[in-house]
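Student: Starting from the given sequences, assemble the full structure and let the hints guide the process.
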Amino acid sequence: MSVSVQEADFDAGAEIAALSAGRDDVGAVASFVGLVRADKAAGVGAGDTAMVQAMTLEHYPGMTEKALEAIVTEARGRWEIYGVRVIHRVGKLLPGDRIVFVAVSSTHRGEAFAACEFIMDYLKTRAPFWKKEDTAAGGRWVDARESDDHAAGRWEAGK
Amino acid sequence: MVKILFFAGLREALGTGSESLALPAGIGTVGSLRDHLAARGEAWSALATTKNLRAAVNQQMVGPDAAIKAGDEIAFFPPVTGG
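From first to last, the protein sequence lines are chains A and B. Using my numbering, the letters of the first sequence correspond one by one to residues 1 to 159. Using my numbering, the letters of the second sequence correspond one by one to residues 1 to 83.
These are calculated hints, taken from the structure and not from any lab test. Where is the CB? At the ideal position from N, CA and C, for every residue including glycine. Treat each hint with caution, since some may be false.
Computed Cβ-Cβ distance ranges for the label pairs, DEER-style [as the list claims (entries may be wrong)]:
| hint | chain 1 | residue 1 | chain 2 | residue 2 | range |
| --- | --- | --- | --- | --- | --- |
| 1 | B | Q60 | A | A54 | 50 to 60 Å |
| 2 | A | R37 | B | M1 | 37 to 47 Å |
| 3 | B | G26 | A | P61 | 30 to 40 Å |
| 4 | B | G28 | A | S20 | 42 to 52 Å |
| 5 | B | G26 | A | S20 | 55 to 65 Å |
| 6 | B | K3 | A | D143 | 22 to 32 Å |
| 7 | B | G41 | A | D11 | 14 to 24 Å |
| 8 | A | D143 | B | E73 | 43 to 53 Å |
| 9 | A | R98 | B | A22 | 43 to 53 Å |
Here are the computed lysine-lysine pairs in the PhoX-like style, where the Cα-Cα straight-line distance is at most 25 Å [said to hold, decoys possible]:
| hint | chain 1 | residue 1 | chain 2 | residue 2 |
| --- | --- | --- | --- | --- |
| 10 | B | K3 | A | K66 |
| 11 | A | K92 | A | K40 |
| 12 | B | K69 | A | K66 |
| 13 | A | K40 | A | K132 |
| 14 | A | K40 | B | K51 |
| 15 | A | K66 | A | K92 |
| 16 | A | K132 | A | K92 |
| 17 | B | K69 | B | K3 |
| 18 | A | K132 | A | K66 |
| 19 | B | K3 | B | K51 |
| 20 | A | K132 | B | K69 |
Below, a sample of chain A positions facing chain B; criterion: calculated Cβ distance under 7 Å [what the hints assert, rightly or not]:
| hint | residue |
| --- | --- |
| 21 | F10 |
| 22 | G34 |
| 23 | L35 |
| 24 | E58 |
| 25 | Y60 |
| 26 | G62 |
| 27 | M63 |
| 28 | K66 |
| 29 | V100 |
| 30 | K124 |
| 31 | A127 |
| 32 | W130 |
| 33 | W141 |
| 34 | V142 |
| 35 | A144 |
Tutor: Right, here's the structure in full:
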């Protein structure tokens with residue numbers, strides 16, 4: 001299946017290669033990798049005590065996979081794309097760790113770029129994942145960002 | 001009976017991730033169930049105070065007017081923050 005929710009890391013290069021393996025009609029593969037940043041956690045402590053030391057990803061087993069598959073289905077309805085691969089990691093992750101992967105193959109770059117960005121924007125607002133940041137001063141659930149709603153909303157207007 | 005699930009900060013605030021409940025008479029929507037649970041008081045008020053609380057019925061995101069019935073799986077959670 002094109003959607004995976006897993007604790008294990010992934011090999012972005014191998015996933016990208018798989019999207020065009022054995023076929024000669026793919027002209028473009030667009031991909032995105034999201035990483036855990038060692039940011040200052042909002043609203044926790046001060047100075048180094050507030051730096052994110054780790055992140056724990058919680059999700060809603062069952063619904064997560066359905067939500068991601070629905071997003072992929074919607075992307076397929078909007079653009080002529082061939083393959084789609086979505087991987088989202090869960091559990092404890094450290095700064096620098098890969099957290100999410102989206103790749104889309106198509107004939108031309110336009111569809112691949114657009115569908116890849118669309119899937120990420122919708123994943124951010126519709127897939128049931130939650131991040132908790134761990135710092136020396138304690139843990140804190142990450143707040144949803146309004147900018148993510150705006151990013152997802154752009155695709156509504158253009159529909 | 002319905003199965004009710006709680007996630008993330010809400011799960012921690014309530015101290016539980018799930019429960020089974022016989023739907024009381026008159027509780028027929030997600031919003032009324034939320035109010036019913038919040039009325040238990042103390043930690044349960046988090047269901048009323050969590051900003052932009054989201055809900056799903058049978059693993060589909062829904063609004064507060066969505067109907068619920070025996071056998072449903074109903075989940076409450078804060079806005080999602082994946083990616």
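Student: State for each hint whether it applies.
Tutor: So, going through the hints one by one against the coordinates:
1. B:Q60 / A:A54: 50 to 60 Å: Since the Cβ atoms of Q60 (chain B) and A54 (chain A) sit about 32 Å apart, the hinted range of 50 to 60 Å is violated.
2. A:R37 / B:M1: 37 to 47 Å: holds, 43 Å
3. B:G26 / A:P61: 30 to 40 Å: holds, 31 Å
4. B:G28 / A:S20: 42 to 52 Å: Given a distance of about 51 Å, which is inside 42 to 52 Å, the answer is holds.
5. B:G26 / A:S20: 55 to 65 Å: The hint (55 to 65 Å, Cβ to Cβ) holds, given that G26 (chain B) and S20 (chain A) are roughly 57 Å apart.
6. B:K3 / A:D143: 22 to 32 Å: 28 Å Cβ-Cβ, so the 22 to 32 Å window holds.
7. B:G41 / A:D11: 14 to 24 Å: violated, 50 Å
8. A:D143 / B:E73: 43 to 53 Å: violated, 26 Å
9. A:R98 / B:A22: 43 to 53 Å: holds, 44 Å
10. B:K3 / A:K66: holds, 18 Å
11. A:K92 / A:K40: Cα-Cα ~18 Å, so holds.
12. B:K69 / A:K66: OK: K69 (chain B) and K66 (chain A) at ~21 Å, within 25 Å.
13. A:K40 / A:K132: With Cα atoms ~13 Å apart, K40 (chain A) and K132 (chain A) stay inside 25 Å; holds.
14. A:K40 / B:K51: Since the Cα atoms of K40 (chain A) and K51 (chain B) sit roughly 23 Å apart, the hinted pair holds (cutoff 25 Å).
15. A:K66 / A:K92: holds, 23 Å
16. A:K132 / A:K92: holds, 9 Å
17. B:K69 / B:K3: holds, 10 Å
18. A:K132 / A:K66: Cα-Cα ~23 Å, so holds.
19. B:K3 / B:K51: holds, 23 Å
20. A:K132 / B:K69: This hinted pair is violated, its Cα atoms lying about 33 Å apart.
21. F10: Cβ of F10 (chain A) sits 15 Å from chain B, so the hint is violated.
22. G34: holds, 6 Å
23. L35: Because about 11 Å separates L35 (chain A) from the closest Cβ in chain B, which is outside the 7 Å limit, the hint is violated.
24. E58: holds, 5 Å
25. Y60: Since chain B brings a Cβ to about 6 Å from Y60 (chain A), closer than 7 Å, the hint holds.
26. G62: holds, 6 Å
27. M63: This interface hint holds because 4 Å falls under the 7 Å limit.
28. K66: holds, 5 Å
29. V100: Holds, about 5 Å.
30. K124: Status holds, d = 4 Å.
31. A127: holds, 5 Å
32. W130: holds, 4 Å
33. W141: holds, 4 Å
34. V142: holds, 5 Å
35. A144: Constraint on A144 (chain A) satisfied, holds at 3 Å.
Of the numbered hints listed earlier, those contradicted by the structure are 1, 7, 8, 20, 21 and 23.
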